[in-house]
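Peer 1: The chain contents come next:
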Amino acid sequence: MIHFVLLISRQGKVRLTKWYSPYTQKERSKVIRELSGVILSRAPKLCNFVEWRGHKVVYKRYASLYFCMCIDDTDNELEVLEMIHHFVEILDRYFGSVCELDLIFNFHKAYYILDELLIAGELQESSKKTVARLIAAQDSLVETAKEEASSLSNIIAQATK
Amino acid sequence: MGSQGGFGQSKEFLDLIKSIGEARSKAEEDRIVIREIETLKRRISEPDIPKRKMKEYIIRLLYVEMLGHDASFGYIHAVKMTHDDNLLSKRTGYLAVTLFLNDDHDLIILIVNTIQKDLKSDNYLVVCAALNAVCRLINEETIPAVLPLIVELLSHGKEAVRKKAVMALHSFYRKSPSSVSHLVSNFRKRLCDNDPGVMGATLCPLFDLINDDPNPYKDLVVSFVSILKQVAEHRLPKSYDYHQMPAPFVQIKLLKILALLGSGDKPSSEHMYTVIGDIIRKGDSSSNIGNAILYESIRTVSSIHSNAKLLEAAADVIAKFLKSDSHNLKYMGIDALGRLIKLSPLIAEQHQLAVIDCLEDPDDTLKRKTFELLYKMTKSSNVEVIVDRMIEYMISISDDHYKTYIASRCVELAEQFAPSNHWFIQTMNKVFEHAGDLVNIKVAHNLMRLIAEGFGEDDDAAYSQLRSSAVESYLRIIGEPKLPSVFLQVICWVLGEYGTADGKHSASYITGKLCDMAEAYSNDEIVKAYAITALTKIYAFEIAAGRKVDMLSECQSLVEELLASHSTDLQQRAYELQAVIGLDARAVEAILPHDASCEDIEVDKNLSFLNGYIQQSIESGAMPYISENERSGMVNTSNFRSHDQQESGQHGLRFEAYEVPKAPVPSKVTPVSLSSTTDLVPVPESLYARETQQISSVGLASDTGSSELKLRLDGVQKKWGKPTYSSPASSSNSTSQNPVNGVTKVDVATTINSKARDSYDSRKQQNEIDPEKQKLAASLFGGSTKTERRTSTSSKGPKASAADRPQDSKAASVPNKASGEKTNQVQQPPPQDLLDLGEPTVTAAPPAVDPFMQLEGLLDSSNSSAVSNSGGAVANAPDIMGLYRGTTSSEQSGGGGYNPASGDNLNLLSELSNAAAVRGTTGATIVSPLSPSVKGANAKDSLEKDAKVRQMGVTPTSQNPNLFRDLLG
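Residue numbers (this note's numbering), protein chains in the order written: chain A, 1 to 161; chain B, 1 to 969.
There could be a bad hint or two in this list.
Think about it this way: if two alpha-carbon atoms lie no more than 16 Å apart in a straight line, the pair counts; the simulated EDC-like pairs of lysine to aspartate or glutamate are [what the hints assert, rightly or not]:
id : chain 1 : residue 1 : chain 2 : residue 2
1  : A       : LYS45     : B       : GLU152
2  : B       : LYS189    : B       : GLU152
3  : B       : LYS367    : A       : GLU34
Quick list of the computed label-pair ranges, beta carbon to beta carbon [as the list claims (entries may be wrong)]:
id : chain 1 : residue 1 : chain 2 : residue 2 : range
4  : A       : LYS26     : B       : LYS41     : 18 to 24 Å
5  : B       : GLU472    : A       : ARG33     : 26 to 32 Å
6  : A       : GLN25     : B       : SER469    : 23 to 29 Å
7  : B       : ALA308    : A       : ARG53     : 35 to 41 Å
I should point out that these hints are in silico values taken from the structure, not numbers from a laboratory.
Note that the Cβ used here is the ideal one computed from N, Cα and C, for glycine as well.
Work out the full structure: start from the sequences and follow the hints.
Peer 2: Structural data, given as structure tokens:
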């Protein structure tokens, strides 16, 4: 099971955090602090895995951004490494050549995408196409919602009240 | 997609993100965020905020919380937003609550109603949003509120909904297995879902179910095998391919399930052999995902009923992993080796040098994994080398968590396989010295007991030798500064028991040392208590031996100090010391007999010696004792409870009130009630009894204090049910293994004639001439004879092959050559010359570095164009980008296959590996020229993106040009 997903920049700035196991706000900050210390200081070409407090953290660097996932001791590290890559490919496809800036300003969209990929700490969908289709459906609905914000849905809402 | 590259937020929010991005220090960032929190607090509680605005506020809250600040004041607004009818707001609301709240938060109860409503919605996107929230927020108590709705959704028309419903049930199972136990048939049904996504999702809950109890699912083995077969044969839709690999994530999950089902079950395993064999055979070891599947297959092979053919195939894969240059693969190889070694202990032999390389690798992760492997293959012949290595590493790290772990491993191995008492004590000393505060106190008790009892031989001379060597080593160590408390306790105890035993050291010398210690660690009451008790013992032995006790002045002052101590325990001990000194030899010998620490103290649990007294009391009219069971009147429940108590004892946290202390206690204080009767139960009496017992327990506590030393030892003995470290057993073990090793060596390396294994000593001698590494390998794997013979049988072969290696032609310096050969050795016998070549590699650091340098050289040359062009990378990049663009646009228009070619990925990898270097050297030049060219999928797009970004005032600063760098090449 994936316990959390963490995106940290080379400078140690947090770009996205998603917690699948319960952590208090205090624990979260501690985890981030500790892990960014460990991971950012690792030289390239070393393992993409770090054993950490009985769990394993799999990380991968893309440009200046580190994608980290914390998994159980029994999980398959290589698989998780590919999950990360899978996520990045989906992000790339969604944003069109994704860069860190896209994630900084649209972090909530990254969350929506992650929610279609992982759920409750497990991979729920391994088809990029399916994820893309779902996100597109949501986006198009959002678009129409924007346009008709004052018209249709409100009318229906009022009518059903 | 309208969202592409667009930043839909307000100027204000963008400014915030920008200013945080430019913050120079954490303090500055905190100031900005705190200001933002103030603003949000004010704004968010204003009346009539437009929905759009509110949505942004919530996202800003998310941002604040992501940066580690508290945004709890806004949680309620996020909850409110989930109630909104507008999907746009609802979705934001759900996202926010899932990120803000854990499933035990008070606000959850306010969301449950909304979730219920949304699960019934006609719009599948609403249902999906609600299901996302369900997985995160519904806790054990609220499961029943949504469970029926979710079960209904299992047959929803949209596969996305079915999939999420399955996952929701899975999360319920995790939180409360009983809540969904009646729904197992639904999972089975979903396994046959038309949509592969739903099928894949169903594997998650099934995996957990099977993990908990595989037996009810044995009938599914055939189905799983056939699904796996179909997946591996590319029968799933192309969209599930990942880097040309058919649905690898599904394959891995299936392999995991098969591993569980086939474990210890021969008939089930036999169904799997073919498909697993096929997967390994067809496995693609050139891609990462291919290796992930191969690794998972090895795990499955090692878990199911073993099959020689599969094991062989798995061993081949491991060899490939270990020979790879990638650290990741080496790591996986070591892990896999550790799994397979249980089944075929010989497989490690052929990889010994690779394992040593990993052990000496600068990468901590790899090193630790290798220690894990060594731990699994420790036997009495190699325990010394392995434990020495572990301790060496333990000393070098500062991570307490791992230090504790590896210390306990050392102790465990030392206890199990110690070749000699002396070595054991030395090893324990080292562990205590460097990780004393981290090891379990039990370990200290173990050590004391071992010194007291020896290894179980009946040789008195060996006993006393063991003890005096312990005493000697402690007297030596005692002077070192800052020893851990646990270690000091051991030292005190041993010196007290055996300090004067062999007559080498006088009582005054030992007592002086003890006093010094108590003084040096005057903050540590436990150490002081141990020290004073040790003093008592030494004086007692002196008196018993008929010698006159001359108390050193420092001892006297220590005793005086402790007599007035705030700690009652210390006081008690000091008074005892005084009392003992005042007694005559005979009495002292009875109180503290010499060398009786490990004699069993017989406890008369029936307290029969009190019978007369009780009889007397009953005759004079006292109430007879009623046992607790009878008092509560329910034998069964109390049995149950006592069982419960044992359990809680194990777990440490107890939720019930403490029970009244048992057996010996009542006898001491209320002996009247001791004899057992079967009379009826007078309730007030029982209450009374309980009360007195509680009081008595208080009294007892101080009692235990007084005789604590003895009691503790008693406890120590109990803790050690089985003496696991008895060396005769382990040595016999090893002898039984040795011949096996000898035989299989022949199997592994066919060139070797089967000779019996040399004796340990002669082997060692031979090793003297070997290079360090081979020596280490030999001592670890016990295979030195093999390498030795290899050397003699063929000397020329590997040399040629080493020369063939491309690396060598590139850089032909001597150490490189050696390292090249070193990697070859794994399979090929090392040449005689290695002895000479090997000399410089003694420290192993240079050869570990050199291959990297070579590799870098290779990489550089292949990618040099990319690097050198980086300023005007346009020349190279847009081509690929253009292609890429093509696929994306076709996708937009109607969903063509988005299949990032492996070439694409290669590019990415190379860029990544170069990234560091490029940034380091040409960082300044990249900054502005590169950003427009790299940003976006083609020139126009990138310009737009760049312009947009600049509009907002976010200009690439030299500090962080990478913001604009594509994550994927």
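Peer 1: State for each hint whether it applies.
Peer 2: For each hint, the structure was consulted:
1. A/LYS45 to B/GLU152: violated (49 Å)
2. B/LYS189 to B/GLU152: Within the cut-off at roughly 13 Å; holds.
3. B/LYS367 to A/GLU34: Outside the cut-off at roughly 20 Å; violated.
4. A/LYS26 to B/LYS41: 18 to 24 Å: About 21 Å separates the Cβ atoms of A/LYS26 and B/LYS41, which means 18 to 24 Å holds.
5. B/GLU472 to A/ARG33: 26 to 32 Å: Hint violated: Cβ distance 46 Å, outside 26 to 32 Å.
6. A/GLN25 to B/SER469: 23 to 29 Å: At 54 Å between Cβs, range violated.
7. B/ALA308 to A/ARG53: 35 to 41 Å: holds (39 Å)
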